[in-house]
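A.B. asks: With the hints as a guide, bring both chains together as one complex.
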Amino acid sequence: MSIIENFDLFAPRLIDKKEYFCPGHRACQGCGEALAIRLMCKALGPDTVIANATGCMEVIASFYPTTAWELPWIHLAFENAAAVGSGVEAGLKALRRKGRIPDRDVKTVAIAGDGGTMDIGMQALSGAMERGHDMLFVCFDNEAYMNTGIQRSSGTPMGAATTTSPAGKVIQGQQTWKKNVAEIMVAHNVPYVATASPSYPFDFMNKVKKARKVKGPSYIHCLSVCPTGWRSASEETIKLGRLAVETGMFPLYEVEDGKYKITIEVDELRPIEDYLKRQGRFRHLTPEQTEKIQARVSQEYNKLLDKVHGLHSWSDLEFEWGLFE
Amino acid sequence: MAKQVGMEVGIAAAEAVGLCNIDMAAVYPITPQSHIAEHLSDIVADGRIDAEFVTVESEHTSISCVSGASATGARVYTATSSQGLMYMHEILPIVSAMRLPVVMANANRAISGPINIWNDHSDIMPQRDAGWIVFFAENGQEVVDMTIQSFKIAEDDDVMLPICLNMDGFQLTHTVELIEFPDQKEVNKFLPVRKPFATLHPDHPISMGTLGMPEIYAESRKSQDEALINSKKTIFKVWDEWEKMFGRRYKPVETYLAEDAEILLLTMGSMGETAEIAIDELRKKGMRVGLVKLRLWRPFPFEELKAVVKKAKSLIVTDRAVSFGGPGGPVFAEVKSALYNEKERPLVYNSIIGLGGRDVTVKDFMKLIEDAAKAGKKGIIKDYEYYGVRG
Chain A
1 MSIIENFDLF
11 APRLIDKKEY
21 FCPGHRACQG
31 CGEALAIRLM
41 CKALGPDTVI
51 ANATGCMEVI
61 ASFYPTTAWE
71 LPWIHLAFEN
81 AAAVGSGVEA
91 GLKALRRKGR
101 IPDRDVKTVA
111 IAGDGGTMDI
121 GMQALSGAME
131 RGHDMLFVCF
141 DNEAYMNTGI
151 QRSSGTPMGA
161 ATTTSPAGKV
171 IQGQQTWKKN
181 VAEIMVAHNV
191 PYVATASPSY
201 PFDFMNKVKK
211 ARKVKGPSYI
221 HCLSVCPTGW
231 RSASEETIKL
241 GRLAVETGMF
251 PLYEVEDGKY
261 KITIEVDELR
271 PIEDYLKRQG
281 RFRHLTPEQT
291 EKIQARVSQE
301 YNKLLDKVHG
311 LHSWSDLEFE
321 WGLFE
Chain B
1 MAKQVGMEVG
11 IAAAEAVGLC
21 NIDMAAVYPI
31 TPQSHIAEHL
41 SDIVADGRID
51 AEFVTVESEH
61 TSISCVSGAS
71 ATGARVYTAT
81 SSQGLMYMHE
91 ILPIVSAMRL
101 PVVMANANRA
111 ISGPINIWND
121 HSDIMPQRDA
131 GWIVFFAENG
141 QEVVDMTIQS
151 FKIAEDDDVM
161 LPICLNMDGF
171 QLTHTVELIE
181 FPDQKEVNKF
191 LPVRKPFATL
201 HPDHPISMGT
211 LGMPEIYAES
221 RKSQDEALIN
231 SKKTIFKVWD
241 EWEKMFGRRY
251 KPVETYLAED
261 AEILLLTMGS
271 MGETAEIAID
281 ELRKKGMRVG
291 LVKLRLWRPF
301 PFEELKAVVK
311 KAKSLIVTDR
321 AVSFGGPGGP
331 VFAEVKSALY
341 NEKERPLVYN
351 SIIGLGGRDV
361 TVKDFMKLIE
371 DAAKAGKKGI
381 IKDYEYYGVR
391 G
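Protein chains in written order, with this note's numbering: chain A, 1 to 325; chain B, 1 to 391.
Next up, chain B with everything else stripped away, as it sits in the complex (with noise of 0.2 Å):
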């Protein structure tokens, strides 16, 4: 029987890989990931689970690491944040290419400089085009759910990818939330031994990671992109049987109150939990306003944004990133150039906000979301802004 307990979500992550059978972990510690390995290497010190917990020295080793595991035909885990995502952005996009699955979680932190270990999403932006799927998660109940369909998406053979499980940093990974743990037995249905494609074994040799000269590294290109689209079918499939088994609904895109607003807000990760009592507010004040959250940020959810989308007048959208010299944060750029050619599409918006652990709170949602409407009725048009900062 499922059972619901008050529980840490970094520990609750920790205790979700626990659930899925790993042969292997790899992990380094990094302020606010540090309790995902701490409590992950207590459940591999207590024999709870029969895995290899390889302590690295780095996380660019951490992802070389699991990446050698999972070749072997290994389940294979990793955890990392900030400063270490950028310390693995080398070997990520090598991950993809060679088509291995690997379970990665990412505390999301900003990066430096100044140095700031609190949240926002600068960590993961740079690695948009590593050909990973990256999945947001905005409570500690999705943090365990999609930890487990992470590893059943990964290891498909239609998909074989690397997947990235953001969290925002201490926002979710520090905070006690009352989370529904599915019962062993019930993920060992959902979830069974991986069977790998291709494995690193003497019994069949093979060679991995080989040179591609031109005549070959751009097909190569083209059918990694083709995969990375057409895993969306298997992420759609696997939420569909997660449904089924657990009764909790997953789309790449969700909303709150969208379908009759005229405004739209759009948010990934744990705000958007606090944006839904701020659209609440509004709406007892009359104004017709809803609520987009992206879940799925690659491969992106084209056709699902813009069903939701199309019919406002205005989507504001959150970014926690800076694009330095770009055309607003990288969620913004996405989403803009995602609805430039429709037909039917709102005003888009960028609104940066919540930097480097900055807080958000419902009354800023409500100012953010009040002064765009004015702005709208005048016309005005930013390019983006930095919401509530300084000089």
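Next comes chain A alone, as it looks inside the complex (with noise of 0.2 Å):
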């Protein structure tokens, strides 16, 4: 047997074997984000509508009169995703109740890329999270404007080269640490929020699963290696994805009821620098820098694992989303 009839014998009893975001779009070799979607759609199926930021993925595959989305997609503008797939939430909720479409659980999901959701999309992301609709939203954060030429985001860790944030004489990369979205979430009390990477593919579909049943909004912030953002060989994706848990820079975690829970155990945290010197946008960086780097990594590592020994889930509270409803 070849793999290929391996992968047709095995598969469909670990994942969806039907393409919802299909071949022929226009994505980079060795893009993590396109892979990280079409995995996000095969686990939330077909009962799904998507409200999709503008940014490489409404790019890459929506060019009229083609798409790749076989599942029903919308995009109106930059920072609205969250906007607008709050509208879309609604509309089926009424619709629904009112006996205009069928009367079946369909499950909105809001997607965006790191400056969809964590710069110009910020506003919107935290009113419709705020508002409490049943609505997902996953962030792309591939840590950079990559759709317009690589500049710099408040998602671009510190020290990496942009071409806003460049590697000058006198400035070098990035002068600020990386926002940290899913704690913005965490504090708005949303029921589940979870860090992601499609280098670990069951555990992000897994948590794609848990988001999906959440009766209420639901957040996940998925890292996107991006080879031509990072500077990195397409091929090095997967092991890029794994690197940046393994040493830390990236935890995969979530937080279910507010409860902290590791999902990828790393028992000894690799060195940063495994990570970083496989990437052309951390070329520059100083022994010193990468030294400064490794501290608050170390620091932030502590911080989650500090919230996840310490904090207990508010359902043993009996607390219940939408208690008024």
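These aren't lab readings, by the way, just hints derived from the structure by calculation. One thing to keep in mind: the hints can contain errors.
Sample of chain B residues lacking proximity to chain A, with all beta carbon distances greater than 12 Å (derived) [claimed, not checked]:
hint	residue
1	E52
2	G212
3	M213
4	D280
Derived lysine to aspartate or glutamate pairs resembling EDC-like cross-links, with alpha carbons at most 16 Å apart [to be verified]:
hint	chain 1	residue 1	chain 2	residue 2
5	B	K367	B	E254
6	A	K93	B	D50
7	B	K310	B	E276
8	B	K306	B	E370
9	B	K232	B	D158
10	A	K98	B	D50
A few chain A residues facing chain B, derived, Cβ under 7 Å [as the list claims (entries may be wrong)]:
hint	residue
11	L71
12	I74
13	N80
14	V84
15	L92
16	L95
17	G99
18	S298
19	Y301
20	L304
Where is the CB? At the ideal position from N, CA and C, for every residue including glycine.
C.D. replies: Below, the structure written as structure tokens:
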């Protein structure tokens, strides 16, 4: 039996064989985001509506008159995926209640890149999460404005060179620490928040399935390796995603009803250098700069462990989402 | 049976929406729209209508949110004003390009700066080319009637465009007027449940809002322009139907004593009723003056306007917005360009008036017309002037 035949035999037991994000789109070779979206769609299944922010995924997958989307899909602008998704959710809810569409659970999922989530889309995201729409928001974070040519965002890690945070003679790369949006979502008391990576496909898909089941808002922050923007080899996408987790740069965890849990355990964190040295965007870093980043990564990881060990689930308090409905 | 009640126009606008069996509304409060938002939330909270009422965190989100809901096939409503409309600006042309029926009230208010909450038309004018159908209401009755008509027009398969219904902030929204409300059963007959052309639903997955390359973008813009121009047919059809059911006639260009007039005044919105009194007064003095009122701003009613002004000697266009460094106010620029190639046409004057809530009285209109008549006799034509403005 060939490998493909093996895949045909075993894969259906593990994963939906149907493609909802179809081949033929124009993503770069080794695009971690396109892979993540493909997996996300398989985990979501057909009863899903996608609200997409402007960005790589909209550009590569919706060249009129073609589309890579087998799911109902809508795109309006850059900063309003959460707002459009809110409307889709409200519309479907009203129409279902009034008997105008079939009486079944259709999940609204809003997706955006790091710019469309953390920068220009932050207000719409915060509003949607605060209002408690039955909607999953997934941020595909490739750590810069890749679609417009690798400009820095608030998701760009410290030290990374981008076209607007270049490695100059005086100022070298990004001068700020990455914004932690997952924590901001936890602060909204969203019942399910998780970080994820397509390098851990089953972990990612399980999280998407969990989020789909939440009756209310949920948020997944997915690290999406971008070979074009990270100046990395396209065949290293999966490896880089794993190194991000193994070094503690991007730990994979979930926060369910306020309770933290690390979903991919790492016995001993590898030095961040293992992750940084494979990417051209960090090429210019001095050992001292790397050390500073290492200190911050270790500190953040310890903070996360404190939460994992210290915080309890609010489901112990018999808290119900939508108490006043 | 239709009933007449005394009601604040903002409240009446919300009551009219309540008659329309909407499925969803998203609003963000802004003066002087806020009474519409508040009263609509009352109607939903009291269970008088079955709709999702989404209290969004900004106008950018309110327009995005109703667009998302409209794409699912829901009947949607929003309302805004001034800076709120300016904040929506980015999304407005996307809504029309995606052919999403949305009905939006705009309580006309000046834009900053200086910050000013009172009435003029400077908020809607920068949205002129957003591809929306744009109406101006003159009084509370028109607000109620045109709100109901707007859903029917916007959702028609031959139209599928968003509509902005303008009502002057405070002058209309906060004024109590005697308004006749149509009966719920009659509204249901006039405006059945929305039957959407295409919807976002897994049973028939479609992609909405795709990328248009240079090979397709221009065709897309042209077809949208044609759609807006063609919407006139449906607008007129719906107005005919309205007249048959409710007895009130709507036209894109209204006139008052215009047929034999030598001098015509042109207004949009609530000033029209004040101007009518001024016309009466001047007629008593023996002046052959008349009034033209634009109700339909987009698509612009070229033919209808030309027909009513062609015999006049002069036409004074009032503008409640400034086009800085431009040819005059935006209404004046449109009207003048509409008449430029006509053989029979009046001289066109422009008066910028009533900015930022500056009161415009009957006497002001009389003086405006008399001054223009004198200037006309002397052969003085200025591009435009600010009426009664110091400095």
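A.B. asks: Are the hints correct? Go through all of them and say.
C.D. replies: Results of checking the hints against the structure:
The non-interface label for B/E52 is inconsistent with chain A: the shortest C-beta to C-beta separation is roughly 4 Å, within 12 Å. B/G212, annotated as away from the interface, has a beta carbon of chain A within 12 Å; the closest lies near 5 Å. At roughly 7 Å, the least C-beta separation between B/M213 and chain A is not larger than 12 Å, which violates its mark as non-interface. Every Cβ of chain A is farther than 12 Å from the Cβ of B/D280; the closest lies at roughly 48 Å, confirming the non-interface assignment.
Between the alpha carbons of B/K367 and B/E254 the distance comes to roughly 22 Å, so the proposed pair goes past 16 Å and is violated. Proximity of A/K93 to B/D50 is assessed by CA-CA distance (about 11 Å); at most 16 Å being required, the pair is judged to hold. Between the alpha carbons of B/K310 and B/E276 the distance comes to roughly 20 Å, so the proposed pair goes past 16 Å and is violated. For the hint linking B/K306 to B/E370, the alpha-carbon distance of about 23 Å lies beyond 16 Å, and the restraint is violated.
For the hint linking B/K232 to B/D158, the alpha-carbon distance of about 10 Å falls within 16 Å, and the restraint holds. With a C-alpha separation of about 8 Å, the suggested pair A/K98 and B/D50 falls inside the 16 Å cut-off, and the hint holds. Against a cut-off of 7 Å between C-beta atoms, the interface hint on A/L71 holds, since the closest Cβ of chain B lies about 5 Å away. At a threshold of 7 Å, the smallest CB-CB gap from A/I74 to chain B is about 4 Å, leaving the interface hint in force.
Annotation: A/N80 was flagged as interfacial toward chain B, and the flag holds, the nearest CB pair being 4 Å apart, inside 7 Å. Because the smallest distance between the Cβ of A/V84 and any Cβ of chain B comes to about 4 Å, under 7 Å, the interface hint for this residue holds. A least Cβ separation of about 5 Å between A/L92 and chain B falls short of the 7 Å threshold, and the interface hint therefore holds. With 7 Å as the threshold, the beta carbon of A/L95 comes within range of chain B, its nearest partner Cβ sitting at about 6 Å, so the hint holds.
At its closest, the beta carbon of A/G99 sits 10 Å from a beta carbon of chain B; the interface hint therefore is violated under the 7 Å criterion. Interface restraint check: A/S298 against chain B, minimum CB-CB distance 36 Å, threshold 7 Å, status violated. At about 33 Å, the closest approach between the beta carbon of A/Y301 and any beta carbon in chain B exceeds 7 Å, and the interface hint on this residue is violated. Look at A/L304: its Cβ only gets to about 29 Å from chain B, farther than 7 Å, so that hint breaks.
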